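Participant: These are the residues of each chain, in order.
There are 2 protein chains.
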Amino acid sequence: MSAPLSFTRPEPPYYAVIISSWPSGEDPEGYAAMSARMAELGESQPGYLGRESLTDADGRDLVVIYYADEESITAWKAHPEHLEAQRLGRDRWYSAYSIEIARVERAYGFRR
Amino acid sequence: MSAPLSFTRPEPPYYAVIISSWPSGEDPEGYAAMSARMAELGESQPGYLGRESLTDADGRDLVVIYYADEESITAWKAHPEHLEAQRLGRDRWYSAYSIEIARVERAYGFRR
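Chains A and B supply the protein sequences, listed in that same order.
The C-terminal position of the first sequence is numbered 112 in our numbering, with every residue numbered one higher than the one before it.
The C-terminal position of the second sequence is numbered 112 in our numbering, with every residue numbered one higher than the one before it.
Hints were generated in silico from the structure; no laboratory data involved.
Note that the coordinates shown come from a computational prediction; the quantities given were computed from them, not determined experimentally.
Quick reminder that beta carbons are idealized off the backbone N, C-alpha and C, glycines included.
Hints may contain errors.
As the list claims (entries may be wrong) - Which bits of chain A does chain B cover? Going by a derived footprint, with three or more residues having C-beta under 8 Å, they are:
#1 16-25
#2 51-65
#3 101-109
What the hints assert, rightly or not - So these bits of chain B aren't anywhere near chain A, every CB distance computed over 12 Å:
#4 33
#5 39
#6 105
Unchecked claim - If you anchor each label on the Cβ, the simulated ranges turn out as follows:
#7 27(A) with 78(B): 47 to 57 Å
#8 81(A) with 42(B): 19 to 29 Å
#9 106(A) with 43(B): 40 to 50 Å
#10 81(A) with 32(B): 41 to 51 Å
#11 50(A) with 9(B): 18 to 28 Å
#12 84(B) with 106(A): 18 to 28 Å
#13 69(B) with 77(A): 23 to 33 Å
#14 32(B) with 6(A): 22 to 32 Å
#15 27(B) with 83(A): 42 to 52 Å
#16 112(B) with 110(A): 33 to 43 Å
#17 13(B) with 8(A): 24 to 34 Å
#18 112(A) with 74(B): 18 to 28 Å
Between the sequences and the hints, there should be enough to build the whole structure, so can you do that?
Facilitator: Structure (structure tokens):
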């Protein structure tokens, strides 16, 4: 297997939003539709760079979403449709989540 | 499902090492042994806080390892046994990887 990174990183600094989440198992269709819509809408926000995302066999998600700057993250967090998804997420779709905003200071990689 | 975070975060700032990797498929037993040893050794390093780690069905890994400070990360990167694992990783076990060192500036979470 030889896979590229999901996107080419710019030179640091840039920002990463690290999201660990545990779905509740409630309303899986609604959760899937919200996830797809938020991914689509999130990608269209100013400053969006790309994401790395994995889901394991239990449905647990680990996602890192990259943005050019902190302002882009703050603006996206306050987007009305995103706010509604956040509210429904706490009420319905998630048992738990952790969100961290981090400034990428150094980056390096390797590709065979 | 109701799962806790894999560890309790301290107050920011702290550091995250974000590792996206694609195994080559070569020498899977050696790769598994190295991964287990590096996880064990990494956890014993000064400044280690915890990790979030997922592997998908293709064997692709996304791991975020947390440390108290940047010095801890630099010291662990230069550990002799870790250096040898890094060399073998490039020669044998990985097709590609991306490593980012990021300073966690804000963190919040939710648990039902």
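Participant: Go ahead and decide if the range 40 to 50 Å is satisfied by the Cβ distance of residue 106(A) to residue 43(B).
Facilitator: Because 22 Å falls outside the window, the suggested range is violated.
Participant: Range first: 18 to 28 Å. Now tell me if the beta carbons of residue 84(B) and residue 106(A) are that far apart.
Facilitator: Because 22 Å falls inside the window, the suggested range holds.
Participant: Given as covered by chain B, does the stretch 51-65 of chain A meet the bar of three residues or more with CB within less than 8 Å?
Facilitator: holds (count 12)
Participant: Measuring from beta carbon to beta carbon, are residue 112(A) and residue 74(B) in 18 to 28 Å?
Facilitator: 26 Å, holds
Participant: Given the hint of 22 to 32 Å, check if residue 32(B) and residue 6(A) actually sit that far apart at their C-beta atoms.
Facilitator: 24 Å, holds
Participant: Do three or more residues of the stretch 16-25 of chain A come closer than 8 Å to chain B, measuring C-beta to C-beta?
Facilitator: Held - the stretch 16-25 of chain A has 7 residues with a Cβ nearer than 8 Å to chain B, which meets the minimum of three.
Participant: Per the hint of 41 to 51 Å, is the separation of the Cβ atoms of residue 81(A) and residue 32(B) within bounds?
Facilitator: 43 Å, holds
Participant: Does the hinted range 47 to 57 Å hold for residue 27(A) and residue 78(B) at CB?
Facilitator: 48 Å, holds
Participant: Establish whether the coverage given for the stretch 101-109 of chain A by chain B is satisfied; the threshold is a Cβ-Cβ distance below 8 Å, and no fewer than three residues must meet it.
Facilitator: Check passed, 9 qualifying residues.
Participant: Are residue 50(A) and residue 9(B) spaced within 18 to 28 Å by their CB atoms?
Facilitator: The hinted range 18 to 28 Å holds for residue 50(A) and residue 9(B), with Cβ atoms some 25 Å apart.
Participant: Run the C-beta distances from residue 33(B) to all of chain A and say if the shortest one exceeds 12 Å.
Facilitator: 20 Å, holds
Participant: Can you tell me whether the CB distance of residue 69(B) to residue 77(A) sits inside 23 to 33 Å?
Facilitator: 27 Å, holds
The structure fails to meet hints 6, 8 and 9 from the earlier list, while all remaining hints are met.
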